[in-house]
Structures are given as C-alpha cells and as structure tokens.
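Undergrad: Chains as they are written, first to last, in numbering that gives the first Met the number 0: chain A, 0 to 79; chain B, 0 to 238.
Calculated from the structure, these hints are not laboratory results. You may find that some hints are simply not true.
[To be verified] Computed footprint of chain B on chain A, listed as stretches where at least three residues anywhere in the stretch have a Cβ under 8 Å from a Cβ of chain B:
id, stretch
1, 21 to 34
2, 49 to 58
3, 61 to 68
In this text the structure is predicted, and so the values were computed from the model without any measurement. Note that CB positions come from ideal geometry on N, CA and C, so glycine has one too.
Spelled out from the first residue to the last, the chains are:
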Amino acid sequence: MPADTTQLVTYLVRALVDEPDNVSIVEKRTGSDVLYEVTVASEEVGKLIGRQGRIVKAIRTIARAAGSTADSHVDVEIIG
Amino acid sequence: MTQEITKSAPSIEEAVDAALEELGVQADGAEFEVLEQPGRAGGDATVRVWVKEGYLDAPEPEDESEEDPLPVELTARPREELPELTEEELDHIADTAVNAIQSILGAFGIEATIDEYEGDEGEIILDIVGGELGLLIGRHGKTLDSLQTLVAAITSRQIGHRFPVVVDVEGYRGRRREKLEDIARRTSDRVSRQGRAVKLRPMTSYERRVIHMTLREDRRVVTGSEGDEPFRSVVVSPK
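Excised from the complex, chain A in its bound form (with noise of 0.2 Å):
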C-alpha cells in the first residue's frame, strides 16, 4: 500500500506549529506531481522553515520518500 502523503505532511505541519488550527494545505496535482502548498500565521513560518532551512528540507526529504512508493514526486512549500 502506498504512502499517505496528505496525512503525512498534515501531521507533520500541524505538529510543529502552536496553532495547528491556522494551518492550511492546499494540494496542487499535476499528473503524477503533488505540490502542498502550506499556509500559516507569519509568525510561526520560521518554525517550519528552520534554520539554515533544516526543517522544510527534511518535510520535504520525508514527503518524497513516502511520494516515491506511489511514484509520484512531491514538493512542499510553506507560505507566510
């Protein structure tokens, strides 16, 4: 079975925020591609990005390879 990369990247966003509530995924498919576009309150973009942006890299890093057990290629990308 593959990977759910919707719950996937909803549980990870929602996890490291403080308001899991004012978060917002808007999932954007392309054929096989999967882009999620994250919305969240300004103030909270940097606990998703990181420093250096470590922690949007390894979103993305986990996201991809749960994505490739459906062959589809996934992105993320956080909104302020």
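Place chain B on chain A using the hints.
TA: Chain B alone, transformed into the frame defined by chain A:
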C-alpha cells in the same frame, strides 16, 4: 583473492562496505554497481563490487590535508549537561517522541516496533525495528536524518524544552558508526604501513566527521577532505 562479490544490506553504503571488507580492498581500489536500490519496496540494497583492474599500479591519490570545515551544527554543539529529570519526565519525553514516530509511520502505512534505549550521554535512543525499513533510511541515511530532525523538533515543541532524542532504524546509526570507525582504523594502518595517502569513498558530512574524530588522536596520520558534495571524500595522509 576473490575479485568480485555481490552483497545485500539495508543501505547501499553498508552493502558496499561489507563487500570491500570481504574483498580486502579500500574504496579507491574497487568499483561497484547497484543491482537493487534499497527501500522502494522496503527491501535491501544489493550491490556488485569488483577490484579495479590494475589496482596495484594505480597512481597515488593527491595529498590533501586542509581542515575539513565541519557543519556548524556538529562543531558548535557543546557537551551540554543534561537537565536532571525524573523517571516520569524521561518517560514522558520518550512517549512524546514515540508518538511522533508512530504518527509518521502510520502515514507511511508501516507497522513497526520502537525499542527504547538510553545512550552513553543520557540521550534517549529510539530504534525502529520490524524489517523491510530501508525506505526510512534512504540514500546515505538522508531520510533517516530528516526523520531525526523532525522527531526532535516535534518532541521539543511538545515538551517545551530541548532534550536529545536519537532516532534510528534497525540499528543503522550504531552499525554505521562502528563500521566507519573500523574503516578509519584500517585505513590509518595501511597509510602508515605504505607511507602514502589513501582517499576513501565519497561520504556525507556525518560520515566524514566520524572518520576525522576516530583518527584525531592517531599520531601516525592526518585527515583532510577533498572534492565537492556529494562526492566529498576524506583523504588520510601520513604525518
């Protein structure tokens, strides 16, 4: 001497290292091809490794001994004293981290067991076990490193302070580290015996750091790094 060998392991690096060991050559004396990528279906990586033709006549690698700039995170991490915590508090931290891992595994559709250990420096080590977990390790352990970053961030956010939590998969980190220390020592022996520099296979900054640290106290050799990521390699040279 066997000139060619096929090996399987949870990651490409481990399979290559096992093959090199059995062939009795260093990475610069061998070539390999990946027969099977790890992880896709959760399975092991399989590689074929063979001794380079004319290996014994191979030219010496360039001597390069400039300091390797370590990633800030690794050099700047002070050996901070861990706060004194009660058993209940430690259990709470471990439970928080385990829940984070289980939530991630749930999205992956993976059912696994998580073993808890206490590390040498008081850190909590959570080892995900249950077979077929290569997907969680990824190339050069990159996926595992990301898992580590995220579980640590989520845990400190939820407990309200930082506490060292190490995530491992099937003991990958522990095995990997021992193997790297072993490679470092064998390379040092060879370099001091032969009196010429040896270049190791390309490694991640974490792997290179383990090599540098292992040989830091070794009076016979100096270590440096050369090449650009992701092909940066440690060079061990006679002092």
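Undergrad: A separate judgement is required for each hint: does it hold in the structure or not?
TA: Taking the hints in turn, this is what the structure says about them:
1. 21 to 34: Violated - the stretch 21 to 34 of chain A has 0 residues with a Cβ nearer than 8 Å to chain B, which falls short of three.
2. 49 to 58: Coverage by chain B holds for the stretch 49 to 58 of chain A (6 residues, Cβ < 8 Å).
3. 61 to 68: holds (count 5)
Taken one by one, the earlier hints fail for this structure only at number 1.
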